[in-house]
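Visitor: For reference, the chains in residue letters:
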Amino acid sequence: MAALEVSGLKKSFGGLKALNDVNLTVQFGTVHAIIGPNGAGKSTLLNAFVGRLIPDAGSVVFDGISLVGLPPHQINQAGVVRVFQTPEIFGELTLLDNVLIPAFSHRDGEFELNGWSRAAQQASVHEAAKHMLEDVGLYGKRNMVANSLSRGDKRRLELAMCLAQEPKLLLLDEPTAGMSRADTNSTIDLLQRLGDGKVTKIIIEHDMHVVFSLAEKISVMAQGAIIAEGAPEAIKTDPRVQEAYLGGAHL
Amino acid sequence: MMNTLEKQDRWMLLGFALVVLAGPLLLKPFGAGYPDLLQKFCIFGIFAIGYNILFGLTGYLSFGHAVFLGLGSYTAVWSFKLLSMNVVPAIILGVALTAVFAFLIGYVSLRRSGIYFSILTLAFAQMAYNLAYSVLTPLTNGETGLQLAKDDSRSWDRFFGVPLADGLPSTNFFGFSLVGYSGFYFCAVLLILSFYVSIRITRSPFGLMLKAVKSNQNRLKYTGINTRSYALTAFVISGCYAGLAGTLLAVTDPIAGPERMHWSASGEVVLMTILGGVGTLLGPVMGAGVIKYLENILSSFNEQILQSVFGFLPDAIEHPVIKVVGLFVGEGWELTLGVLFLVLIIFVPGGLMQGINSLQRRLFPAPAHAGADATPGAH
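Chains A and B, in that order, give the protein sequences. Be aware that the first sequence starts at 6, since it is given in my numbering, and climbs by one per residue. Be aware that the second sequence starts at 41, since it is given in my numbering, and climbs by one per residue.
Do not take every clue at face value.
Said to hold, decoys possible - In silico BS3-like pairs for lysine-lysine, Cα to Cα no more than 25 Å straight-line:
| hint | chain 1 | residue 1 | chain 2 | residue 2 |
| --- | --- | --- | --- | --- |
| 1 | A | Lys146 | B | Lys47 |
| 2 | A | Lys146 | A | Lys135 |
| 3 | A | Lys203 | A | Lys173 |
| 4 | A | Lys135 | B | Lys190 |
| 5 | B | Lys190 | B | Lys121 |
What the hints assert, rightly or not - Under 7 Å between C-beta atoms, here's a sample of chain A residues computed to sit facing chain B:
| hint | residue |
| --- | --- |
| 6 | Ser17 |
| 7 | Gln82 |
| 8 | Leu98 |
| 9 | Ile106 |
| 10 | Glu115 |
| 11 | Asn119 |
| 12 | Trp121 |
| 13 | Ala124 |
| 14 | Phe217 |
| 15 | Ala236 |
| 16 | Glu238 |
Treat the hints as calculated values from the structure; they're not laboratory data. Note that CB positions come from ideal geometry on N, CA and C, so glycine has one too.
Whenever a hint applies, use it, and build me the whole structure from the sequences.
Guide: Listed below in structure tokens is the structure:
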């Protein structure tokens with residue numbers, strides 16, 4: 006069953022065709038990787054999914070809902086949650102607050118006038134937040150201010166924040182960029198464990214180790230279009246991919 | 041109402057209430073123990089607490105909050121003139137009308153953020169000031185200000201047969217006159233209630249979202265939150281606080297003039313909040329107190345008082361000292377405020393609350409003390 010269907014998606018910046026007729030189908034519950042050289046349009050594609058930019062043409066349908074033209078918070082409430090390339094967290098707040106915010110968003114929706122209840126007394130939300138922080142191994146640091154974390158921990162925190170919303174579709178933009186090998190492996194581990202086949206994941210990544218560890222299907226982008234698609238084994242040997250992306254070298 | 045708060049907040053509220061109610065005694069040695077000034081502490085404390093809900097929590101710096109102060113005052117005086125000298129309808133009408141205007145001004149201004157938001161609110165404030173000063177003279181009585189008159193209709197008072205006073209009537213709370221100390225205690229109770237409400241808001245999920253707006257609005261949008269609705273609600277709440285403060289100004293002195301909406305009045309509440317500590321609970325009230333104290337006490341200092349203070353010095357030193365210090369008191373009291381501001385912003389940018397907290401940590405380096413009022417983002 007298709008979770009996300011993208012068809013005829015186009016976006017130009019001046020003369021540059023950043024997205025040139027992108028068609029993509031992502032199956033429910035799978036991990037789908039999008040790879041390609043720098044400037045291929047991968048991040049632009051994610052931006053079009055989450056409402057950060059409005060495409061010139063084409064459609065993005067998730068779970069039967071057309072996402073094009075919806076404001077970012079409504080796309081998020083529909084279940085599409087994005088992990089950014091540089092961690093977007095609430096730097097001045099504690100780790101616990103950082104995870105409570107998406108947990109409240111998941112429970113209460115886009116706006117709730119609950120100025121009279123106590124945040125500290127909402128047991129179910131706290132339970133969810135605690136669970137998420139434990140999952141990424143940050144529960145011990147829950148009272149620290151998020152800005153004081155290392156870069157790798159910030160990425161893990163952002164992942165916990167996104168998962169606290171119980172997303173249906175998780176968009177990961179280079180989740181391991183800048184991480185040490187050990188951190189990368191633990192993140193791969195975490196991503197494999199999380200969701201348990203119920204969360205569809207789209208992952209943009211340059212690290213082939215990560216891609217081939219996680220992805221069930223791979224789409225290759227170059228110059229704003231998808232040039233090849235298939236199972237990891239097929240992609241590895243596809244000559245077009247090696248030409249466009251790997252410069253002809255063998256994996 | 042206390043068992044709905046965390047333990048440390050309960051103690052803070054209790055201490056706050058005691059200090060406020062004992063204000064007349066506590067401030068007597070400082071020459072501020074008279075109702076006129078004590079009322080101002082309370083009223084501007086309410087104004088600053090409300091302003092802090094917007095600026096301190098969401099980070100939106102409004103430069104036009106005096107509009108709501110003025111609006112509250114004008115509405116209250118009209119209520120005194122047309123309906124009743126009872127303050128309850130005045131307060132209800134004042135706050136309700138302010139809420140409507142805060143919604144309209146906030147709805148437009150919050151289309152932009154940062155400096156553009158501040159400029160939009162300033163533009164609204166200047167328009168309101170000019171409307172009150174000249175255009176709407178029939179409603180505001182222009183430069184002179186709106187005042188009570190002997191032949192005001194006061195229909196509700198007449199209907200209920202409230203006996204007429206000889207001169208101008210005074211404001212009352214169901215027949216209980218609010219002149220002098222009773223006026224102060226009326227404002228003091230409302231200040232304590234306002235403080236309690238602000239604690240509740242700060243500790244609620246709603247308050248957490250407001251802090252998130254300040255910290256990273258972009259992330260919040262991609263976390264499924266309608267950030268503008270939260271900011272607008274905070275704007276309206278803080279507008280209502282300002283409206284309440286405005287009506288209380290009219291309750292304690294039933295006159296309303298356009299200068300209440302002047303941009304300098306909008307700037308004053310920004311100074312109060314920053315001076316006390318942006319985003320802290322107690323800070324804004326302290327900032328309001330300090331500024332109103334300096335304004336009223338320092339400005340009343342003259343050469344005679346200075347001579348009695350520095351009288352012990354030999355004449356050769358006394359004269360130059362009085363010359364220099366004299367610049368900073370009386371009409372020049374704002375110089376003192378300026379110097380105080382410079383020192384604070386440079387050495388303790390978190391305001392008085394940061395100063396108190398770090399002093400407390402230095403004196404009592406117990407690890408258990410986490411700083412009862414250390415809301416994040418205070419720096």
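Visitor: Compare the structure with each hint and give your call.
Guide: Results of checking the hints against the structure:
1. A:Lys146 <-> B:Lys47: 23 Å, holds
2. A:Lys146 <-> A:Lys135: Satisfied, since the Cα-Cα distance of roughly 11 Å is no more than 25 Å.
3. A:Lys203 <-> A:Lys173: 7 Å, holds
4. A:Lys135 <-> B:Lys190: Violated. A:Lys135 to B:Lys190 sits at ~66 Å, over the 25 Å cutoff.
5. B:Lys190 <-> B:Lys121: 9 Å, holds
6. Ser17: 24 Å, violated
7. Gln82: A:Gln82 check passes; min Cβ-Cβ to chain B is 4 Å, inside 7 Å.
8. Leu98: Result: holds, 5 Å to nearest chain B Cβ.
9. Ile106: 5 Å, holds
10. Glu115: Given a least distance of 4 Å, the restraint on A:Glu115 holds.
11. Asn119: 5 Å, holds
12. Trp121: 6 Å, holds
13. Ala124: Since the shortest Cβ distance to chain B is 5 Å, the answer is holds.
14. Phe217: 28 Å, violated
15. Ala236: 31 Å, violated
16. Glu238: 34 Å, violated
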